[in-house]
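> If you read the sequence shown in this note's numbering, its first letter stands for residue 8, the second for the next number, and so on.
The hints are simulated quantities; they were obtained by calculation from the structure and are not laboratory data.
Hints may contain errors.
Unchecked claim - In the BS3-like style, the derived pairs of lysine-lysine whose C-alpha atoms are separated by at most 25 Å in a straight line are: (1) K456 to K197; (2) K478 to K375; (3) K131 to K195; (4) K419 to K375.
Claimed, not checked - Label-pair restraints from in silico Cβ distances: (5) P127 to D215: 42 to 50 Å; (6) L205 to N179: 43 to 51 Å; (7) G528 to T637: 43 to 51 Å.
Every residue gets a Cβ at the ideal spot worked out from N, C-alpha and C, and that includes glycine.
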Amino acid sequence: MTDSTNHGLSDLPVEQQLEIMTRRLHRAEQALHDAEDVLDTRMRELDQANRALQKREEDLVERLTIENSKLLYAQRTAGLATIFWQKGQSYSSSSELAWLLGLPPEQEVTVEAGIAVLHPLDRKRVFEAYDAFTDELPPGRSHEFEHRIQHSSRGIRWLRWSLRRELDEQGNLHALYGSVRDVTSSRKAKRQVQALQLRAERRVRELDRFARQLEQAKGEAEEALRARDRFLSAVGHYLRTPLASLNGSLELLALEAHNPEETRRVGTASRSAGQLSAMIDELLEEAEGRSADITLHPLPIDLRGVLEETLRYWHDVHPAAAHLSLHSDVNLPPTILADREYLRELLDSLIGSALDTSCPIELTLSWKDALILQLDVQDDGRWAQQAEKRGSGMGDPAIRIVRRITSRMGGKIEMDNATRLCLTLPLPEATPEGANLTDQDTLWLPSGKTPAILLAEDTPTNRYVIASQVKSLGCSVEAVENGAIALERIQQTRFDAILMDVMMPVMDGEEATRAIRSLGGISATVPIIGITAHSLHAERDRLLAAGMTACLSKPVRRKALRNVLQDLLGHDNSAQASAAGSVIDTEAFRQAFAVLPEAYRQRLLDAVRTDLSTYGDETIAAVQNRDEDTVRRSVHSLKGVALSIGATGILDCLDLFRKQEITLAASFQPQLEKVIAATVTACGDLFTRHIAKHPQL
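Throw the hints in and build the complete structure from the sequences for me.
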């Protein structure tokens, strides 16, 4: 084609040929220029790609270096190295292996170098383990073994190898890889744990032995305590039995005194016997480590009469009473509401303790909405400081009695100055109308009949004295010598209450009580009052658990006997019982407030309503928890509040509680809640109608 083209071109004129050749040259130059541009572009692209590839390679090398460093650091931290071997190649390992074996960093790690650092005692075992690994143990699984080495700088170290081997298609060893790490610290920790475990096991065995010894010692101590309780019970019995006859006889003599002189002599003897009884109680209660509950029976009393009687008594019986002087405030109320017996016991204990100092004594009484007794003993303050101090061990038993009675009355004891002890007793003033109310002695049943009492007492003197006390209260009494006869008589005759001595021949009081409670019928529900010469709480708890309704300690005081019989016979001497279905005896409620000044009546109402709700909640919660001790205490407190205002509905409901086992008493819980709520409401209504609108009762 070129030849033909050139031939055709030659036929053209020279000018046209030149023009054509010029155009061809121009196109060739343009094509060359374009080719050079494309080549330059490709060269630049190749250069950029080469630089990017080089940068990526550098990055990869850097990352690989960093990762290798991290791996080496991790291996160094963990004390770990890796190894690898493939058929036809030599062993390779991480650089950490040299450090683990104690080799210099520049030294090549070889099998021979590893064998050289083996502990002589472990070398044979390592060879045997390696032969078993390569010849016997299954492939494709990790196998571990441990051995010691002699490290060049770190002494003897323990290494743990974890190796795995792979076989080729013909079953020949193809590759081996694994790891090795320093386990010296973990083995040491394991040995320490094992040592601690052995020590703990030895300690447990020692503790078990000590526990058995303590259990034995506990049994011996408990037996010693039981022996002590039996001894104290016997001591109390031997002390109280003759004292009971003495006190009872003195009370009966006081009732039959023919002239003031006889009354004074009998009163002095009776008061001294009462102090002796209080000291015996304090002694036995301190030995037991507990204090008896004090139940107050406040009545209007002639305050000045009590003070004069106390002063006269101490002048008669104590030679140091000549140093005793009494000063009373002119504003002292003539009549206050208090428990006469406990107030007299408080005064006797306080004055008797002070008189033992044989120093001049001044007793001052004043009134500031409460009775304030100030006893100043001129002995440089030693007696007052000891009397005011709490937590001083045994101390003076008389002062212990003073503290307990003061606390029960809601009072306080404090030092007025260096030699003066001050007692504050919040005893309310009684109105003249209240002062005319008398504590009638005669008891009767709600039906108006004379109560029939069965007395079981083996000691003839006590039997005579207690029977005489019961008769003086207007009751009929039948006396028997032991519990067996009492059991026989209760099945033959209807009695309203039983007075049961605890320690009797043939059948004692506890056994007789259990037998009576098991009879069934009306005879099994008769109230049984235990008479015991023991003041121990454990003794009382056991008697109540046996089925006794209440307990009296010897010597039996006529007033205490009257109070417990009055409670159990359901009789209220202040007014006739209310109609059936009424929750409060209106007349009893009115008289409860009549003895108080008008300023104290609202306080009493608030206290009564609060106490009814509080003790009611405690009783219900204790029944739900089957806490018999708390049930007994809360029922006693609730009953005391109910008696003070004539809340017959609560008293009837509590009587049902008393006669039931605690598991059955829960069935009466809704009834008790309703009665308490109704009584709280009725208190407000009766107070508005009969008290608030009639301030001059």
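> Each hint needs a verdict: does it hold in this structure or not?
Outcome of the hint check:
1. Using a Cα cut-off of 25 Å, the hinted pair K456 and K197 is violated, with the two alpha carbons roughly 89 Å apart.
2. Simply put, K478 and K375 have alpha-carbon atoms about 43 Å apart, too far for the 25 Å limit, and the pair is violated.
3. Between K131 and K195 the CA atoms are separated by roughly 24 Å; this keeps the pair inside 25 Å, and the hint holds.
4. Straight-line distance between C-alpha atoms of K419 and K375 comes to about 14 Å, which keeps the hinted pair within the 25 Å bound.
5. One distance hint, 42 to 50 Å for the beta-carbon pair P127 and D215, holds here, with the actual separation near 45 Å.
6. Checked against the given bound of 43 to 51 Å, the beta carbons of L205 and N179, roughly 49 Å apart, stay inside it.
7. Here the CB-CB span from G528 to T637 is close to 30 Å, at odds with the stated 43 to 51 Å.
In terms of the numbered hints stated before, the structure departs from hints 1, 2, 7, listed from lowest to highest.
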